[in-house]
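Modelling step: build the complete structure from the supplied sequences, incorporating the hints.
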Amino acid sequence: MYEVSVQATISASHHLRGYRGKCEQVHGHNWLIEATVGSETLDECGLSMDFGVLRQHLAEVLADFDHCDLNASRVFVDQNPSSENLARIVFERLRARLAQGGAEVVRVRVWEKEGSCASYFERRDRP
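Take the sequence shown: its position 80, counted from the start at 1, is 1258 in our numbering, and no numbers get skipped.
These are computed hints drawn from the structure, not numbers from a lab. Everything hinted at is true.
Across the chosen pairs, the derived CB separations fall in these ranges:
id	residue 1	residue 2	range
1	S1191	D1221	38 to 48 Å
2	H1205	M1179	37 to 47 Å
3	E1202	E1222	49 to 59 Å
4	C1246	E1292	15 to 25 Å
5	D1256	T1219	36 to 46 Å
6	R1252	V1204	10 to 20 Å
Please read these numbers as outputs of a predicted model, since none were measured by experiment. Glycine included, C-beta positions come from ideal geometry on N, C-alpha and C.
Shown next, in the form of structure tokens:
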């Protein structure tokens, strides 16, 4: 299996409903999002997926979240805009965009700050 990863950043505010502590107050982050895709094969150029193509897909997925209050986004009406939930939503949206290609999303990682990251991935059945 080959894996390719790209990173992008967004600036966004959020707060966690039902949380007791500083994060219940509105605050912002410069979020770092890393998307990893995998492929069993390479194309005629020896690539599993072009970095630029993956970076463009990730940028388009993240456009809805950049410079906004995540709590105001329709996808976070019934769930907290935690790093974990953001990672899952980006994973699902990126997977939908790549459904017709040869690469599939393996994992999405979201950092609120350096040293603090949440990941989302789906378990694969192993033979």
